[in-house]
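> Construct all of the structure, not just a fragment, from the sequences and the given hints.
Chains V and C, in that order, give the protein sequences.
Residue numbering for the first sequence follows full-length UniProt numbering, starting at 1 and increasing by one per position.
Residue numbering for the second sequence follows full-length UniProt numbering, starting at 1 and increasing by one per position.
If a hint is listed, it holds; no wrong ones were tucked in.
Ranges of calculated distance between the beta carbons of each label pair, as one might list FRET restraints:
1) V:Pro-119 / C:Arg-397: 23 to 31 Å
2) V:Pro-36 / C:Gln-145: 27 to 35 Å
3) V:Lys-134 / C:Ile-254: 44 to 52 Å
Worth flagging that the hints you see were computed from the coordinates, not collected in a lab.
Here a beta-carbon is modelled for each residue, glycine too, at the ideal position from N, C-alpha and C.
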Amino acid sequence: MQLDDLYRRVIMDHYKNPRNRGTLDQESVTINLNNPTCGDRISLQLQLEAGKVAKAKFTGEGCSISLSSASMMTEAVKGKPLDQALEMADRFSELMKGQPVEFDEYEDLEALSGVNKFPARIKCATLAWNALRKGIADGASN
Amino acid sequence: MNAAEIREQFPILSETINGHPLVYLDSAATSQKPRQVIDAVARYYEHDNANVHRGVHTLGSRATDAYEGARVKVARFLNAPSEQQIIFTRGTTTALNLVATGYARTVCGEGDEIVITPMEHHSNLIPWQQAAKATGATLKYMPLQPDGTIDLEDVRATVTSRTKVVAITYASNVLGVINPVQAIGEIAHEVGAVLVVDGAQSTPHMKIDVQALGCDFYAFSGHKMCGPTGIGVLYGKRELLEAMEPIEYGGEMIDFVDLHESTWKELPWKFEGGTPIIAGAVGLAAAIDFLEEIGLDAIDRHESQLVAYAYDRLSAMEGISIYGPREGRVGLVTFNLADVHPHDVATVLDTYGIAVRAGHHCCQPLMRWLEVSATARASFYLYNTESDVDALVDALRHTKEFFGHAAG
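Rendered as structure tokens:
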């Protein structure tokens with residue numbers, strides 16, 4: 001088990017300089033999710049327009065893995081059609097199971113592949129993606 | 001006591017974790033188990049296993065003797081007046097829920113008060129929250145001093161003639177602080193309230209005398225004191241337990257059952273519906289024997305020295321915050337490194353074979369009181385040594401370096 005497998009430079013960069021951190025002014029879907037076992041929490045805001053994720057922003061507290069994953073997720077899905085965003089969420093789940101999936105749309109995500117070797121931390125990485133799925137489902141039902 | 005010799009009695013402490021010898025610093029979550037406890041449980045299943053209180057056959061008698069013998073042992077261990085006041089439960093959580101549901105909900109009404117502290121573990125907080133909601137009682141919190149200790153003047157100011165229950169942990173699983181429960185009990189009793197003590201973090205580490213403490217209820221878990229998981233104890237004053245109704249109904253706890261009415265067994269069995277945790281009780285009895293052979297006072301001294309050493313070594317590090325007072329604490333230190341989240345700290349330590357807890361420690365209100373979202377915690381027991389502390393400090397230095405570089 002190597003620390004460098006987990007904490008890659010790309011991850012630390014997203015942790016220290018998170019993309020899309022903040023809140024949306026315009027009408028949007030807001031999802032608050034906790035990871036009750038460790039206290040991490042994310043508040044994700046999505047602006048869904050014409051079948052796309054027009055904008056995505058987040059606030060929250062958590063470890064380097066959960067916050068960098070939120071930063072990457074928002075960056076990855078911005079401007080993407082909803083079905084493609086959900087497909088990326090599925091692919092991210094595969095990545096967490098150790099499957100050799102690729103993210104040509106946003107290669108930074110592949111840096112999180114090492115989380116698979118740290119089972120206790122998988123929930124940290126998937127929190128933001130779970131919020132995305134919930135947000136798209138909530139948006140569709142409105 | 002000789003910690004090196006004690007270590008040899010714990011098979012798991014020989015494990016290699018991620019290429020390093022295990023340094024187990026998470027005993028406040030659950031302790032490791034000595035060979036003699038593991039063997040006692042195995043021996044029970046290999047030689048004596050049967051259901052209790054009903055078999056005419058020999059094994060039924062052996063199992064009953066083992067189970068009730070464990071109860072007598074626990075009563076003596078706590079200096080309870082009688083083994084009838086010892087109720088076996090699944091753990092501290094179940095024991096506290098039994099008091100909150102079986103006692104508090106029957107004595108509290110609109111306008112009454114239940115008093116607790118912000119340092120309580122969720123298991124000594126949510127049962128009272130729910131009891132207050134169900135009865136219309138008010139849940140009040142006595143304030144904490146800036147170092148996390150309790151000032152008795154604050155207790156006097158919080159407890160009133162409407163207070164029915166004061167519930168407090170003997171030792172905090174985060175701050176480490178040991179609370180003056182005996183003095184708090186005296187204040188509670190002056191107004192006719194009962195004192196409920198959460199003993200989960202105190203019982204493994206110090207000699208407990210429930211009569212000297214003057215508490216009305218005392219709860220603890222076996223698994224934090226070298227016993228198996230799934231066994232705990234509720235001690236209660238006889239008149240209180242006798243007045244309480246059971247909260248679980250079924251086999252084992254009945255006296256006479258008719259189509260529309262039933263009556264209950266006497267104490268303690270009326271609270272033990274269903275087949276009890278027999279092997280757990282056997283394991284707990286073996287754990288008590290183990291701890292008493294070493295001596296609770298010796299364990300207490302060993303941990304006090306070790307935690308003082310850990311507190312001082314950790315305090316000397318730059319960029320570390322330590323929570324709770326230096327003095328008057330049980331064997332744990334809760335801390336945060338600047339700019340490194342505790343989950344990340346715990347993951348890095350794990351790669352060095354060091355097990356610590358990171359998160360909110362089932363104390364979300366206390367985390368808010370501390371103004372942090374999570375913390376890391378190293379907790380010690382009789383098998384830990386100064387070299388475990390040294391390994392922790394070294395690995396924390398590496399953690400800081402690693403994150404310093406990774407961030408740069």
